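Could you slot chain B onto chain A? The hints should help.
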Amino acid sequence: MNPSRPLFTWSLILIVGFLTLCPVLMLLLGSFSEGLTAFGVFTTSKYVAAYTDPALFDVTYNTVVFVLGSSVLSTLLALVLAYLNTRTDIPFKPVFTVLSIVPMMIPHLLFSVSWALLLNPSNGLLNVFLKDVFALQEAPFNIYSLWGMVMVEGLLNMPIAYLIIAPAMAQFDVALEESSRVFGAGVWRTLMRITLPVLRPAILAAFILGIVRSLASYAVPRVLGMPGEVDVLATYLYEMISTGFAPDYGKAAALGMSVLVASISLIVVYRALTSEGGKFVTISGRGFRPAVIELKRARIPIFIGVGVLCLLMIVLPVAVLLYTSLVPYSMVPSARAFSLMSWKHWIEVFQDPVSLLALKNSLFLAVAGATLGVLLSVFVAYVIVKIRTRASGLLESLSFLSFSFPGIVIGIGFMWFFVQTPLYATLTALLLAYIAAYLPYGIRPLASAFVQVHAHLEESSLVCGASPLTTMRRIIVPLLIPGVVSAWILMATMFIRELTVSVVLSRPGTEVLAVQILSFADDGLWGKLSALGIVMILISTALVLLAMYAGEKFKALQGGS
Amino acid sequence: MEIQIEGLSKHYQSEGKTVKALDQVDLTIPANEIFTLLGPSGCGKTTLLRCIVGLETPDEGEIRIGGEVVWSRAKGIAVPPERRGLGMVFQTYAIWPHMSVFDNVAYPLQIRGEAKSVIRDKVARALKFVQLEGVEKRSATKLSGGQQQRVALARALVAEPKVILFDEPLSNLDAKLREETRKELKTFLGELNITAVYVTHDRVEALALSDSIAVMRAGRIVEIGSPQKIYFNADHRYVADFIGRANLIKARVAGRHGDLTVVESGLGSLHCQARDLPEGSEATLCIRPEFIHVDGVASATPQGGQNVIHGRVASMEFVGEVYEAEIHVGAEKLLARLDPDLPVSTGDMVSIRLAPQHCLLVLA
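Residue numbers (our numbering), protein chains in the order written: chain A, 1 to 561; chain B, 1 to 364.
In isolation and in its complexed conformation, chain A is listed as follows:
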C-alpha cells in the first residue's frame, strides 16, 4: 500500500548510522591520532605502542582461555539442561524456565561480586567455612583466578545459550532419531551421530554468541580478575584509559580496533549460522511431541544436580548479598553474626549523596533511554519488516552490527567523539551511548511484533471500510503493544544495570548505579555495595516481573495465538 518512502528510510539510516558508526569511526580516527586533545594529528605510534607492549601476550592468552573456556562451559550446560527439559521425564520442568530468565534480574556485576564474597582467598565465606571445618592452612578456592572467571562467566552466559538451543531441540523431528534406532544404533550412538549433528547450527550459534559476550564482558574480569592481576582485553583496555596520571585513549583505540574487528567477524558468522539454520530446522508440522526418554533411576539424582545449579545461580548470589548488607563486616554466618545484624549499611547508602545521585541518574537513564530507544526502534523495525528495499536492508545490517560491539570499545569510541563536543561528562552523552549500544535489544522484539502483523490484517481493515488512521488505531497499535512493552522493559533493565559503557563515559556528577557499586568494591565497602546492589536487583526484578505480567495480560487479551 505504501510507496517505499525513501526519505523516511534514509533519515532513519542517518540516525542509526550515526549511533552505530560514529563510535566506530571515532575509534578508528582516534587510533591514528596523537591524543584526545590532539584529535586528527596523524600518527601510527599508538598502534606500535599497543601491539608491541610485552604485557599483551599474557593478556591475549588470558582472554583466549577465558573466552573459550566460558563459552564451552555455558554451551555444555545449556545443552544438558535443554536435553533434560525437552526430551526426558525429569520432574519440575518449570524450574528450567526460571533458570533461563532469572539471570536477567541479577546483573553480572553483582553475580560476580557475590562469588567474590563467597570464594575470595582471604575472607570468602565458603573458604573461611571450609578452613574452619577441615582445619586447613590455606583457603581451598581462589575465585580471583582464570578458572574462577571462566566458571562465573560460563554460568552467566548459560541462559542465553539455553534460549538458543532449547527451541531447536524442541522442534527436533523425532523420526530422524527413530530411523537411526531402527538401523541398529543405540541411544548414545544416536545422540552422537544424529541428534547433536542435526542440532549443530544451534549449538554453534550458542557457542559463538557466548564468545562474543565473554569477549565484551567487563564485570567478571573487573571484579574477579583484577584483584589477582589476571587481565583480559576488556580490563586491559580499561586500565589504559583509567590509570590516573597518563590515560592513553589512542593506544586503547588502537587495541580496541582488533577487539571490534574480532567481534564483528564473529557476529557475521553467527548471523550466517542462524540464517542457514533454516535448512536444518525439522519441524514436521502440527502437534507432534518428541518421544520422552525415561531417566529411570537417574531421574532424582539428575534433578538434584539441576537443583544445585539453581541454587548456585539464583539463591546463593542474592542470599550472600543480603547477608553481607546486614552484617557489620565479613564473617561466617553464626549465632553471633545474626545477633550483630543491622540496617547500618542500608541507612548509610541512603544517606550517601553520591549513591542517591547514581540511583537518580540510573532511573532517569532507564526511563528516558528506554522511551527514546523504543521510539526509534519502532520506526526502524517498521522499515526493516514492512518496507523491503535495499535501503531497509542496509538499515537492518547497521542495526544488527551494533549487537556485536563490546561496550568498553564503544565507550572509548564515544569518548573520542564527546570530548570534541559540549556533551562531554553529561547525562546526555550517556543517554546517546546507551541507546547506540543497546538499540538491537529494542529492535528485535519490535521487529518480531511487526512480523506478526501480517499485511493482510491491515488490508482487510481497509477493505472493511476503515480509514488508514482507524486501521492504525484499531488494528496495528493494539497488535504492537506487547512488542513495545517488552522492548521498553528490556531496554530499561539493560540501562539500570549498565556498566561497560558507563565505566568509560561516567564522570563525577554523572555516576550511575553500576559505577557506584564498582567504586564501593574498589574501596572494599562490601556492606554498602550489597545494599545498593540489592536495590538494583529489586528494580530489575520488578521490571522483569512487570514485563511477564504485561505479556500474560496481552496474551490473554488476544487469546494467545
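The set of hints was computed from the structure by calculation and includes no laboratory data. Each hint should be verified, as a subset may be incorrect.
[Said to hold, decoys possible] Taking beta-carbon pairs under 7 Å as the criterion, some of the chain A residues facing chain B (in silico):
(1) Ala135
(2) Gln137
(3) Ala139
(4) Asn142
(5) Val332
(6) Val451
(7) His456
(8) Leu457
(9) Glu459
(10) Leu462
(11) Cys464
(12) Ala466
(13) Thr510
Predicted model only: the values in this text are computed from it and were never measured. Each residue gets a CB set at the ideal place from its N, CA and C atoms; glycine is no exception.
Leaving out everything else, chain B in the frame of chain A:
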C-alpha cells in the same frame, strides 16, 4: 454489480528485471456471477484482484465498479480501498487476533457507525448464515482453520457488499476440509445475489464453483468462458492443458466433412470439432483421457460417425477406479483410462473410439 476493467497494466521490478504482472488486461465481470481468475502462481491473478479492491495501484488503465470509476490513470481517479465498499476474504483469512469473533465480524459495521442493536442483529445473521453460531465470545484465533475461514466470510458479507472478492480462500485448508468448504461456499454464494470474484490456482475449485472462468498467463487473460466451455471446448492449447489432463498431438487441417473439421495427425485422419481453420494450417489436437474409449481386442466397427484407430497397450497402471494405460498409436503415445473389467493386458492390440465432439482442436 458489474466490474469493468480496461487496459490495466502493472509492472514491477524484481532482481533487476521488469515483470509484467498485468499486461493490458481488458475484462468485464458480469453482475451476480461467480467469476474465477484461474492460473498458475505468478500469472497476475492476485495482482488483478488486489487492483480491483484497491490494495495495489496499477500503472495504466481504468477500473469501474457498477459504473463508477474507482481507478483511472487518465482521469486521475483513485478511490482508496476503504471507500470502494467491497468485501474480501484473504488467503490467510486475516482474522484479527486481538478481537473476539463478534468484534471481527462487527468491525465493518462499527466503522460505518451503525447502531449497536443493528450491529448485533446483523452479526448474528451473518454468523448464522455461515453456520457459526454460539462462538461470538470466543477469541477468533482459537477457532479451527475451517471456522476461521467462515468468520472471514461472515465479515466480508456482514455489510452486504455488492461485490465480494476471494483470494485463494481455501488454499490453507487440508484436502478434505477444502472440498467440504468449497461445497458450502458454493451453497452460500448461490443464496446471495452478489458478484463474486474468486482467485485460485486449483482447476477443480474453479470448475466446481464458477459461473465463468478467466484463465490467465503472464499478466494476460488467455480465455474466458463457462467451466464446460473451458474444459470441453477451449480455444487455446495452454487453457486445454491447464484445466485438465490432455493428450496433445500435432495436427494439420485437411478439410471439412459436414460440420466437422478433418485433420491429419500421427493418429491418422480424424474427424474433429468444427473449427474455422483454413486447410493446411497447423493446430494441436487435444483429447482428454476419459474420452478415449478402448474396446478391447475384438470389436472395431465404427458407430455413429466416431473415429476408430488402433494401438498397442504399452503399459498399464492400476490407480483404483480405473487402469491408466499408455497406448502407442504409430509414433504417438496416448494416455487412456481403462475399465478394470476390460479384458486387456500389456502388449495387446486394441481398437479405440474417439467421438469427434471430444477431439478438440486448439491453437498451438
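Mind listing which of the numbered hints don't hold for this structure, in increasing order? The structure conflicts with hints 1, 2, 3, 4, 5, 6, 13, although it agrees with all the remaining ones.
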